[in-house]
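Positions 449 to 622 (the numbering used here) are the ones given, in order, by the sequence shown.
Note that these hints are calculated values from the structure, not bench results.
C-beta: ideal position from N, C-alpha, C; glycine also.
Any given hint might turn out to be false.
[To be verified] Pairwise CB distance ranges (calculated):
hint, residue 1, residue 2, range
1, Pro490, Glu547, 27 to 33 Å
2, Leu467, Pro490, 18 to 24 Å
3, Ala611, Ala488, 37 to 43 Å
4, Tyr543, Pro485, 30 to 36 Å
5, Gly597, Gly474, 35 to 41 Å
6, Gly510, Arg468, 23 to 29 Å
7, Cys563, Gly597, 17 to 23 Å
8, Glu484, Tyr543, 54 to 60 Å
[Stated by the list, open to error] With a straight-line Cα cutoff of 27 Å, these simulated BS3-like cross-link-like pairs (lysine-lysine) come out:
hint, residue 1, residue 2
9, Lys595, Lys497
10, Lys583, Lys595
11, Lys497, Lys583
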Amino acid sequence: MSNRPSPVAWFEDDPHRLLRDREEIGQFAPELRFVEPTTAAPGGGWVGKLPLWPFDRTAPAGLESHYQDGGLELVVNYGPAYPMVPPDLWPTNPYPEIEERSQAVWHVLPSGALCLLQSVGQWHPEASITQMLMKAAGWRLEYALMKAGRLERMTESGIVSNAGLDALLVEAGA
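Taking the hints into account, I'd like the entire structure generated from these sequences.
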């Protein structure tokens, strides 16, 4: 018999963080629904659709008519070390092709999860999960520009805080 303590799930160790995430995501992305922990996803997570334009500036005129599918559909998986480590975000629509997972310009890991941080140090455990979701919403728009041939590589800073691609989003009709 081992004297090792049993592992404790992150949400049991920090139930206030789970409540905070549920509240913040409910306000930010009401089309996401919480997924209870399962054997396949022991940390739980979220599934659904992000808003097309959740950024702190006015959307380009006509944006929604060019992106009729709306925002990114994704699965969010909390890992066992959350919130010390960011959650994994897996796009489901659009779904990156296998060759896009082998090129850094697409910001997709070989596993298919999104690569939204340039370094592990960019995630702060006290940060809102909505910061990652906002980056994912921006990834969806840059992905459309890449697929339309309007960008050679995704930007380092992303659409979240950079209005430089706003006009291109509508011009490209991606």
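Mind checking the alpha carbons of Lys595 and Lys497 for me, to see if they're no more than 27 Å apart?
-> 20 Å, holds
For Pro490 and Glu547, compare the CB-CB distance with the range 27 to 33 Å and indicate the outcome.
-> 31 Å, holds
Taking the CB of Leu467 and the CB of Pro490, does the distance hold inside 18 to 24 Å?
-> About 19 Å separates the Cβ atoms of Leu467 and Pro490, which means 18 to 24 Å holds.
Holds or violated: Lys583 to Lys595, with C-alpha atoms at most 27 Å apart | 18 Å, holds
Do Glu484 and Tyr543 keep their Cβ atoms within the hinted range of 54 to 60 Å?
-> Violated, since Glu484 and Tyr543 (Cβ atoms, about 24 Å apart) do not stay within the stated range.
Go ahead and decide if the range 23 to 29 Å is satisfied by the Cβ distance of Gly510 to Arg468.
-> Between Gly510 and Arg468, where Cβ atoms are some 36 Å apart, the hint is violated.
Would you check the hint for Lys497 and Lys583, treating anything up to 27 Å between C-alpha atoms as holding?
-> 14 Å, holds
If you check the beta carbons of Cys563 and Gly597, does the distance land in 17 to 23 Å?
-> 21 Å, holds
Ala611 paired with Ala488, Cβ distance criterion 37 to 43 Å = Holds - the Cβ-Cβ distance for Ala611 and Ala488, about 39 Å, lies within 37 to 43 Å.
Do the beta carbons of Tyr543 and Pro485 sit within 30 to 36 Å of each other?
-> 24 Å, violated
Could you say whether the range 35 to 41 Å given as a hint is met by the Cβ separation of Gly597 and Gly474?
-> 37 Å, holds
Hint check: violations occur at hints 4, 6 and 8; the rest are consistent with the structure.
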